[in-house]
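Since chain U is already given, all that's left is putting chain E on it; use the hints.
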Amino acid sequence: MQKEILSYYQKYKVYIFSTIVAFSAIILMVFVIYPQTSKLFVNQKIASDIVKKVDFLQSKVQALESYDENDLKTKVDAATFSYPVDKDLGVIVGLLQEITTISGFSITSLTLGGGSVENAGIKSYSIRLEIVGSEDFLPDLLKNMESSSRLLRISSIETTISKDKILNLSLNVEALYSGVPENFGSVDSLLPEITADEQDLLTKLARVAPVTSQISTSTSRGRANPFE
Amino acid sequence: MPKITINLLPEEFRLEELKKARFYRVQSIGVGIIMLFIFLSTLTIALRILQSQSIKQVQAKLNTEKEKITNLKTTQGSILLLKNRLTAINQFLGVSSKQVLTYEFINRILPSSVNISSISVNKSGDISLLLDSPDSSSVDELISNLTTGEEAQAKIVNVAIEGLNRGRDGVFRLSLKITTKG
Numbered sequence: 001m002q003k004e005i006l007s008y009y010q011k012y013k014v015y016i017f018s019t020i021v022a023f024s025a026i027i028l029m030v031f032v033i034y035p036q037t038s039k040l041f042v043n044q045k046i047a048s049d050i051v052k053k054v055d056f057l058q059s060k061v062q063a064l065e066s067y068d069e070n071d072l073k074t075k076v077d078a079a080t081f082s083y084p085v086d087k088d089l090g091v092i093v094g095l096l097q098e099i100t101t102i103s104g105f106s107i108t109s110l111t112l113g114g115g116s117v118e119n120a121g122i123k124s125y126s127i128r129l130e131i132v133g134s135e136d137f138l139p140d141l142l143k144n145m146e147s148s149s150r151l152l153r154i155s156s157i158e159t160t161i162s163k164d165k166i167l168n169l170s171l172n173v174e175a176l177y178s179g180v181p182e183n184f185g186s187v188d189s190l191l192p193e194i195t196a197d198e199q200d201l202l203t204k205l206a207r208v209a210p211v212t213s214q215i216s217t218s219t220s221r222g223r224a225n226p227f228e
Numbered sequence: 229m230p231k232i233t234i235n236l237l238p239e240e241f242r243l244e245e246l247k248k249a250r251f252y253r254v255q256s257i258g259v260g261i262i263m264l265f266i267f268l269s270t271l272t273i274a275l276r277i278l279q280s281q282s283i284k285q286v287q288a289k290l291n292t293e294k295e296k297i298t299n300l301k302t303t304q305g306s307i308l309l310l311k312n313r314l315t316a317i318n319q320f321l322g323v324s325s326k327q328v329l330t331y332e333f334i335n336r337i338l339p340s341s342v343n344i345s346s347i348s349v350n351k352s353g354d355i356s357l358l359l360d361s362p363d364s365s366s367v368d369e370l371i372s373n374l375t376t377g378e379e380a381q382a383k384i385v386n387v388a389i390e391g392l393n394r395g396r397d398g399v400f401r402l403s404l405k406i407t408t409k410g
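Residue numbers (our numbering), protein chains in the order written: chain U, 1 to 228; chain E, 229 to 410.
Rather than coming from a laboratory, the hints here were simulated on the basis of the structure.
Glycine included, every Cβ here is placed at the ideal spot set by N, Cα and C.
Among the clues, some could well be false.
What the hints assert, rightly or not - Within a straight-line C-alpha distance of at most 27 Å, the following computed BS3-like cross-link-like pairs (lysine-lysine) qualify:
# : chain 1 : residue 1 : chain 2 : residue 2
1 : E       : K351      : U       : K143
2 : U       : K204      : U       : K123
3 : E       : K405      : E       : K326
4 : U       : K204      : U       : K73
5 : E       : K296      : E       : K284
6 : E       : K311      : U       : K60
7 : U       : K53       : E       : K294
8 : E       : K284      : U       : K165
9 : U       : K60       : E       : K301
Stated by the list, open to error - Which chain E residues face chain U? A few, computed with CB under 10 Å, are given here:
#  : residue
10 : L237
11 : F251
12 : V254
13 : I307
14 : V328
15 : Y331
As the list claims (entries may be wrong) - Stretch by stretch, here's where chain U covers chain E in the computed footprint (C-beta under 8 Å, at least three residues):
#  : stretch
16 : 294-300
17 : 347-355
If we strip away everything but chain U, and leave its shape as in the complex, we get (with noise of 0.2 Å):
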């Protein structure tokens, strides 16, 4: 028998010795070769991504460092006195009398809104104004009260006018508010930009804000830092 194997390998060991060169070399292709070369161009996508991503978050690091924490506080300040996270009754009710004493007028009485309403995601509570004063004023009245760096709008206005020009005045203030943004963004969002309008907007605001940060300090009922 061995014998008989001895012969026929002798005989036909060209074939024999082709075929398990083939065969190897298939196993060494199917089994090795391709799979590792393809897993070798996914891992290199894979690795092209995280690259990527890190130098995402790399410029996104740097971006972050970059604001100086206490100006970044004292500008988020007063984007919140602006438009607040909360009701700040007692700030409306200082900033009203500013205003309407600046204007040229006196409050009679001020009656504050309970409720909230929402539109859009902006909240608001009204506030009614009883005033006195000069009819000639109360453009200006107007335009202080809309363009105070509180985001006040008005939303009626009754007005009776006596023969000596005095003017009686029953104005329905609307106080926007906002609560706080429910996403404030993962590790991989992007970053929001200030843009040179906006920068120019927060100079403005921030050099009204703090004529009424101590009263928004001592009466604001929503939480000094929204993130803590």
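This is chain E only, laid out in the frame that chain U set:
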């Protein structure tokens, strides 16, 4: 002088040697192929190991950056809150409400001799006016201003005269209800 070669080997031996030579050639080609495939396999495996190490390094870098951002999340939150506030502030600050714009418009078109006794602008921007005028021409002028002109047509839908009377003192008293657009 040309060489003369004479093969004196037997024919079987010659054939056997030829067969052996052929087999050695096939054997060396086969070994070459196997060596080439082994080399390629080793190369791809080595590249994969190097790639895995490089991915691990980049991944570690990524985690470091993520950690840095996590430590700066208060700053990120502040910036997002700031942006959120600024978008709304930009939308409203310095932009007059419909009520104020309506009031300003009425004030602008009112003839100087007409006096307002009462004006009310409601939440939808509609206006009720109580006026008195010493002459009818001023009343005509006011009505004309309210119903003609580009600005009036852009703002006003309807002007209703709810009352018009002339007192013993010759003063015209007028009650108007103006419906505005939008």
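To see whether the hints hold, each was checked on the structure:
This hinted pair checks out: K351 (chain E) and K143 (chain U) have alpha carbons roughly 18 Å apart, not beyond 27 Å. Restraint check for K204 (chain U) and K123 (chain U): satisfied, since their Cα atoms lie roughly 23 Å apart, inside the 27 Å limit. Simply put, K405 (chain E) and K326 (chain E) have alpha-carbon atoms about 16 Å apart, close enough for the 27 Å limit, and the pair holds. Distance hint between K204 (chain U) and K73 (chain U) is fulfilled; the C-alpha atoms sit about 16 Å from each other, no more than 27 Å.
With a C-alpha separation of about 18 Å, the suggested pair K296 (chain E) and K284 (chain E) falls inside the 27 Å cut-off, and the hint holds. For the given pair, K311 (chain E) sits about 16 Å from K60 (chain U) by alpha-carbon distance, which is consistent with the 27 Å threshold. Restraint check for K53 (chain U) and K294 (chain E): satisfied, since their Cα atoms lie roughly 10 Å apart, inside the 27 Å limit. Taking the CA atoms of K284 (chain E) and K165 (chain U), the gap is about 81 Å. The hint is violated against a cut of 27 Å.
Proposed proximity of K60 (chain U) and K301 (chain E) is supported: the alpha carbons are some 11 Å apart, at most 27 Å. The restraint placing L237 (chain E) at the interface with chain U is violated, with a minimum CB-CB distance near 20 Å, outside the 10 Å limit. Taking 10 Å as the C-beta cut-off, the interface hint given for F251 (chain E) holds, the closest approach to chain U being about 6 Å. Look at V254 (chain E): its Cβ gets to within about 5 Å of chain U, closer than 10 Å, so that hint holds up.
This hint holds: I307 (chain E) has a C-beta 6 Å from the nearest C-beta of chain U, less than the 10 Å allowed. With its C-beta approaching chain U no nearer than about 5 Å, V328 (chain E) sits inside the 10 Å limit, and its interface hint holds. With 10 Å as the threshold, the beta carbon of Y331 (chain E) comes within range of chain U, its nearest partner Cβ sitting at about 6 Å, so the hint holds. With a cut-off of 8 Å between beta carbons, the stretch 294-300 of chain E has 5 residues touching chain U; three or more are needed, and the interface restraint holds.
As drawn, the stretch 347-355 of chain E meets chain U at 5 residues by the rule of a beta-carbon pair under 8 Å; at three or more, the given contact holds.
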